[in-house]
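Enquirer: Residue strings, one per chain:
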Amino acid sequence: MTTQAPAIEIKNLTKRYGEFVALDSLSLKVQKGQILGFIGPNGAGKTTTIRILVGLLKATSGSATIAGADCLTETKAIKRLVGYMPDDFGKYDNMRVSEYLDFFGAAYGISRGKRNKRVDEVLEIAGATHMKDLFVDALSRGMQQRVALARTMMHDPEVLILDEPANGLDPQARIDMRTMLLRLADLGKTLIVTSHILPELARICDVVAMITKGKLRAAGTVDTIMREIQQRRTFEIMLLKEAHVQQVAKKVTDWVESEGKTSDKSHQVATEVTPAETERMVRFSTALTDEQLAPLLGSLIHTGETILQFREVATDLEDAFLYVANEGTQALGETPRASSPISQGASE
Amino acid sequence: MNPVIRREFVGILRSPKTFAMLMTLTALFSATVVLQWPADNSSVSGTQSLQVFRVFGYGLLAGTIFLVPAFPATSIVNEKNNKTLALLLNSPLSGLSIYIGKISGVLLFSLLVLLCSLPGSAACYAMGGVSLVNELGALYFLLFCMILQYSTLAMLISSHVQSSDAGVRITYAAVFSFLLVTLIPATFLSGTTLLPSSFLTAAEWLRCLSPLPAVMEILGDGDVGTSGLKQNSTMTRFLILTILSSAAFAALTLNRLNYRIFDRSRSKGTITNDRELSTRLVRRLLYVVDPQRRKTGIPWYLNPVMVKEFRCRRFGRSQWLLRLIASCAIISMLLTFLATTSAESWGVTTIGPLLVLLQVILVVVMTPSLASGLISGERDSGGWEILRMTPLSTFRVVTGKLLSVVWTLLMVLMATLPGYVMTVLIKPDLAPQIQMVLICLFWITLQTLAISAAVGSLFRYAAVSTSVTYVTVIGCFLTPMLVWLAREAPFGHDTVETVLLSTPVGAALNVIGARGFEDYQLLPNAWWISGIISAAMFIVLSIQVWRLNRAV
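Just so you know, the protein sequences line up as chains D and F, in that order.
Mapping of the first sequence onto our numbering: residues 1 to 348, in sequence order.
Mapping of the second sequence onto our numbering: residues 1 to 552, in sequence order.
Hints are computed from structural coordinates only; laboratory data are not their basis.
These figures come from a predicted structure and were not determined experimentally.
Among the hints, erroneous ones may be present.
[Claimed, not checked] In silico DSS-like cross-links for lysine-lysine, where the CA-CA straight-line distance does not exceed 30 Å:
#: 1; chain 1: D; residue 1: 117; chain 2: F; residue 2: 268
#: 2; chain 1: F; residue 1: 83; chain 2: D; residue 2: 91
#: 3; chain 1: D; residue 1: 91; chain 2: F; residue 2: 268
#: 4; chain 1: F; residue 1: 83; chain 2: D; residue 2: 132
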């Protein structure tokens, strides 16, 4: 078995601005051809990490390499190896798409003959061939994102770093963007993609890294992270009468607490119970096992409650992220962030 | 109270920059008078106070022209780009209320600017010899009318442009056209017998669009462009034209203040290469360089940033440049021809200084528009980060950007060469002086470019950098002229000479033999100083670019 060198390797990357720690010993590896979903709330340190990777920022300590080139010292090599698509399009007035791409091709030193071909190729990959003669300042957001992707690919980089590529796109454009990113991965490109639209990432990413407050909270394949998250599952109990919601919520809280005291893993059993009266629903998330939970339904029925449904809510990447994010803030001794609408029992 | 007035006026006042600006203005106006206040009370005479009043009046005119248009120029376009105009139009406020709110905010601010000058004007009045109504009152009334005209014009421009930067650029160009270009026809047509009298009347009325003749009349300087003939109707004509034009600008802007302002389809990106043969032929005849023709790639021997700058500026596109150069060439030849054939008093020694001044005005008006946004425009649009990610060195990026402006300015300067050639043909002994003037013009261009690029690079947003650069450049070039105007008193010969050295404009006028500049010894020191200022500005630009480009 041969061990392939990672395309991107980050070791103990730290970035401080005076007292403020923007990145705190971040370590991460991405293999060639993989798509990494880089997730974190606003201000988590995603863009700082990306800017260090592309050579626009200097790290306080630690190291980062892309295809063996040091991001901190070999910036010239990094510029050739990496295609960076920032959140901002960077439009120029009165320039047609072909002229725009031609300029960036010339900036990367591609000869005129090759450049003409390359413009057509990248527009084809980005599904933007029909935009060739349009003015860049007259493009819609979706069109701009395609052209930006084409620009990022002009010099045929090994690694593509895309900051919020699906931001502001309509559903169809998001699907198209997803298809394009998968096509790029098929071409052997390594991708780092940040996005707030987590279901999008779950569908395309091989690996996911979750970051909050500059610290890496979880990393691995989507399945691995899900399995970790599954230790704390969310359940819904649907009732016949709205008036019984508070009463059932109290019973569930008491029951889970008493069960938790007898559990070996009592420290993990901390449970959130949320009544949602307008939906006639009680939601709770817990780390109790199936065996421990099974008697709860019988107990509720035994006390005279009319239960319509008792079900487990499937956890997705969004919940996983919120869980990890909240764990992060709790670890720092702060008030946890609001949970997802599901676990909050939003009733509006 | 109209909520828009409150928001606009309070919004302007809340800005610390506005506060600093108003304080600076007050200090400057007060300092002007304090510096010239006679030490001995017995020396206070009507003549001296009038001289102080002249400097004060021109300073006030320059201050209002520089400062006021920047605010209305961005007023509507900023609102549109921030998506708040749609909210305002969707509110029960009518288009008229919104317009009145906005223009009132600007006018109230302008009144504050005028109020800042009150300590200065009070001192002028206290010195005696200056009439409260006929001079001070008339000056303030005229300036207020001018502010109304320029504000309505700026708002009209703001309602048509797509970016605040474009709003500022076009507004300043329009303001300077109103201020100076309107004077040209009357200046050169006076006394000519070649054209029918209706042309001369039209030129006379056009001249009155500029506030300069009326201000000069109030300040007791006679009138510009009248060859010594006093025009009593200048003030009245100016007021009539100002009120009519302001009403027209306001009506046109109001016509835009509805949902049609957003009704702008995206360009279809039509390409001449894909059109019918007949269309292609017609366009070939109309455009020497067709802007809609598909461009070939950037050749290896050209700096890609320079080509990009040319292509992404509407003005920089070749067909516009060629039109401008052709116009300059024709105008310069026409001016020389008309001036030498019109009146007895117009000789080549008179036309020379006018040509120099016209070129300086052209350079001073054009350069900030081209150079102020070289760095800030890139930062504003988000292109700077992307440029930093390319292998292009910082040096190549900056030189590409500067070259795109240098070429444009050189072509504009070259376009006026026919005027000088004609002058040399008429009077060959002027050739050495013309050579010196051309060297001065080169230094003027370089200095303007350096100041514009350096000052513009210090700001994050293109509109702000354009406004500040215009104020700085015009201030740099106008201040020596204002000091020169007060050359007999209160400023002495040495002071005027020292101030004139700060730009090569005085040197160029001295070499060409302009009246009032003969007594100064400005060369070669003016060139040295211009070179040092330019070098210092380029160093500032380099440091700023290095600062922006480093990974920290």
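Enquirer: Compare the structure with each hint and give your call.
Expert: Here is what the structure says about each hint:
For the hint linking residue 117/D to residue 268/F, the alpha-carbon distance of about 23 Å falls within 30 Å, and the restraint holds. For the hint pairing residue 83/F with residue 91/D, the CA-to-CA distance comes to about 19 Å; that is within 30 Å, so the pair holds. For the given pair, residue 91/D sits about 17 Å from residue 268/F by alpha-carbon distance, which is consistent with the 30 Å threshold. A distance of roughly 29 Å separates the Cα atoms of residue 83/F and residue 132/D; the hinted pair therefore holds under the 30 Å criterion.
Checked against the numbered hints given earlier, this structure breaks none of them.
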